[in-house]
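Going line by line, the protein sequences match chains A and B.
Position 86 of the first sequence, counting from 1, maps to 86 under this note's numbering, and the rest follow consecutively.
Position 113 of the second sequence, counting from 1, maps to 113 under this note's numbering, and the rest follow consecutively.
Hints in this document: simulated from the structure, not taken from any laboratory.
One should not assume that every hint holds.
Cut-off 30 angstroms, straight-line C-alpha distance, at most; resulting in silico cross-link-like pairs (DSS-like, lysine-lysine) [unchecked claim]: (1) K111(B) / K43(B); (2) K97(B) / K198(A); (3) K198(A) / K100(B); (4) K72(A) / K376(B).
Cβ pair distances, simulated, as ranges [stated by the list, open to error]: (5) K81(B) / V87(A): 30 to 38 angstroms; (6) V88(A) / N104(B): 40 to 48 angstroms; (7) Q396(B) / R43(A): 44 to 52 angstroms; (8) V62(A) / A23(B): 53 to 61 angstroms; (9) R80(B) / I132(A): 17 to 25 angstroms; (10) K332(B) / P73(A): 40 to 48 angstroms; (11) V203(A) / N101(B): 21 to 29 angstroms; (12) T46(B) / V203(A): 28 to 36 angstroms; (13) L115(A) / T373(B): 36 to 44 angstroms; (14) V24(A) / N101(B): 19 to 27 angstroms; (15) P9(A) / T373(B): 54 to 62 angstroms; (16) V202(A) / A258(B): 37 to 45 angstroms.
Computed from a predicted model, the values in this text were never measured in an experiment.
Think of the CB as a built atom: it goes at the ideal place given N, C-alpha and C, for glycine as much as any other residue.
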Amino acid sequence: MFYQFITGPLLWLAFIVFFGGLIVRVVNYIRGLDWQLDRVAYRAHPGMALKGALSSIIHWLVPFGSVGWRFKPIYTFIFFVFHIGLVVTPLFLEGHAVLLKERWGINWPTISMGLADTLTIGVMAATVCIAIRRIALPEVRIVTTFYDYFLLLLTVAPFATGFLTVYQAHNPWAIQDFWLYAHILSGELLLMAIPFTKLFHVVGYFLSRGQLGVDFGVKRAIKAKGGFAW
Amino acid sequence: MPEGILCNKTPVTSKEQLDSVLADKGGKKYYEEMKRLDVDVEKLQTTLQATCKSRIRTWLEMCAHCGLCADSCFLYLANRKDPTQVPSYKILSTLGKIVKNNGNVDNAHMKYCMDVAWSKCTCCNRCGSFCPYGIDMGVMFGYLRGLCFSQGFVPWELKIGSGMHRIFKAQMDVTPEDWVETCEWMADEQQDEWPGLEIPVDKEGADILYTCNAREPKHYPEDIAEAAILFHIAGENWTVPSEGWEQTCLTLFAGDWAGCKSQVENVYGAIERLKPKRVLGTECGHAHRCMVIEGPYWAGRADGRPPAPYLHYTEWVAEALRTGKIKIDPAKRIKEPVTLQDSCNYIRNYGLKDVTREIMSYLVEPGYFVEMTPNKEHNFCCGGGGGINGIGMYRQQRNVGLKVKRDQILATGCKLVVSPCHNCWDAIRDLEEVYELGIKWTFLKPLLIKMAIIPEHLKPKEEEEE
Ligand code: SF4
Ligand code: SF4
Ligand code: SF4
Chain A
1 MFYQFITGPL LWLAFIVFFG GLIVRVVNYI RGLDWQLDRV AYRAHPGMAL KGALSSIIHW
61 LVPFGSVGWR FKPIYTFIFF VFHIGLVVTP LFLEGHAVLL KERWGINWPT ISMGLADTLT
121 IGVMAATVCI AIRRIALPEV RIVTTFYDYF LLLLTVAPFA TGFLTVYQAH NPWAIQDFWL
181 YAHILSGELL LMAIPFTKLF HVVGYFLSRG QLGVDFGVKR AIKAKGGFAW
Chain B
1 MPEGILCNKT PVTSKEQLDS VLADKGGKKY YEEMKRLDVD VEKLQTTLQA TCKSRIRTWL
61 EMCAHCGLCA DSCFLYLANR KDPTQVPSYK ILSTLGKIVK NNGNVDNAHM KYCMDVAWSK
121 CTCCNRCGSF CPYGIDMGVM FGYLRGLCFS QGFVPWELKI GSGMHRIFKA QMDVTPEDWV
181 ETCEWMADEQ QDEWPGLEIP VDKEGADILY TCNAREPKHY PEDIAEAAIL FHIAGENWTV
241 PSEGWEQTCL TLFAGDWAGC KSQVENVYGA IERLKPKRVL GTECGHAHRC MVIEGPYWAG
301 RADGRPPAPY LHYTEWVAEA LRTGKIKIDP AKRIKEPVTL QDSCNYIRNY GLKDVTREIM
361 SYLVEPGYFV EMTPNKEHNF CCGGGGGING IGMYRQQRNV GLKVKRDQIL ATGCKLVVSP
421 CHNCWDAIRD LEEVYELGIK WTFLKPLLIK MAIIPEHLKP KEEEEE
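One chain only, chain A, in its complex shape (with noise of 0.2 angstroms):
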């Protein structure tokens, strides 16, 4: 009866929240532009600052693909081993796949019981370096603020349950189905809190690098051959 609920009618709503609150998000964002406050002319040059913007997206988006990612190479590894684990593992897990099958008979790709639990591991051990980096750098440590270990806490939550969950056997804390539970709904909250906290950097950061990317597409690097050096 709890299962159903929380795979059912509480999926349900967190899809609708984290769809509907990211659009809403990308929406209020692209209203608020001004090219004239923000002195960027976004509809004067479109072919300029469509190119810019996916030159600024891409670079970033690629490991070690900008100066920037260059400069700080271990830093980068463990930044993408965390992201690249955060997006492809609940994407393509089997576990999931089986219930889009079950529920609504659609064939969803997957990846291998043991890539997954090799990038989960690789989630659960950046977001360890993550939060020591955060503690250890002085010049991290004073930007960092007590909500971002709640939103890292929060982050990696479903990839931790989610875990021990498939290791039931070997989980020495296995209580009936409660790891599953946890695991469920921290998903579910995850989803939910997203259009709500920093963590809408899913759309944000294309909304903020393709901006920036304008900026030197139509204004700043008009003159740089093959424009911006990301």
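Once you've looked at the hints, dock chain B with the ligands against the given chain A.
Same frame as chain A, but now just chain B with the ligands:
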């Protein structure tokens, strides 16, 4: 609501006001008054509502507090990695707080904002290219300066600078008459060496309309003479406007948005009046930024472009060398290690990196040009940008900031720095004064005049006739 006589929320717009602020040497009384200046919270709220839109709000909200931007800021590096110099910390603790509190801040906070906005950021925009989200503190500090200015929290020198622009349409007290006289004087002075050299004023439909930095007529008139000589050698059909000749905009540094608009309109007015084919600015970074990069927006031009193609001096030089309008005597090329200062204003923020290197390829014997590291769009600010060069109160902070450029220059092993930007030029001059490295620094104009092959018909005639 207490307002000072000198320090207040009203910009300087009359000669009398200007004189009384100027008379307060070093801003002693001015800063005393600032301590009691009230914050007009309501006005701040209205301004925020009207001008703080999704770009800045998103940057402030989304910043991941990752600290990746720290090492990108030369002031962080120069201050031995002082965490309070981390770009995200600087902006979150100033503008971030104003926005979070929706303008409910006190005098102490505004004073803190002023100190950070003018002494801990030169608006060089380097951090923006090192943040994964592209959060650009240079842009945000520029915005914060506007808020500070509107509340009267602005360094004394920039209150004056803004007043100068509002009264004289120039950053210094140079009237159109002074300007035209200086041009005539400079043209006269050159007649022995350059017979027939002219500085045409207000010629309509010229190929080039030349604009410059007020410090040229005021303190370095030879710079105008040099520009004229080079146009003369190149055989350009050029002119200067009697009104609208001042290309710089200290109002931009001051955060005086209305002042920026009127300065830009003044110069664009000259362009529309004289209808030149192209406009050319002097070797100045922030002047280019004001009139070419940001200017169109101040003036409300939706395409983001000035009314006529507007070149930076380096673009014209590269073109003149490329097309052979100016030919360099190979024997006179620079034969010592020489490096180049990439100005943030037209390199990072306009993309002229290849143009300046093309120039160096003509002026420097192969093998002698040494790049700084980092360079091009990733170069560090010289240390004197954003107005800090001229603010007495922040001299100490400025001098510390110069260390990064000092070490960059030292690492090249060069004793000569080419710097086609007034501000960078000043900073490197001061750098030599403070740290005594034994370096020389130069604009392009004097180098070009020294190295150019002078066409026969331009040389003085008398000697041959005798
Ligand atoms: S704009 Fe330049 S000076 Fe200002 S915080 Fe960024 S890197 Fe530092
Ligand atoms: S690099 Fe960007 S996201 Fe990270 S702390 Fe700096 S401004 Fe914030
Ligand atoms: S003074 Fe020169 S180096 Fe410094 S911000 Fe301005 S252009 Fe950049």
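List, from low to high, the hint numbers that the structure doesn't satisfy.
-> none
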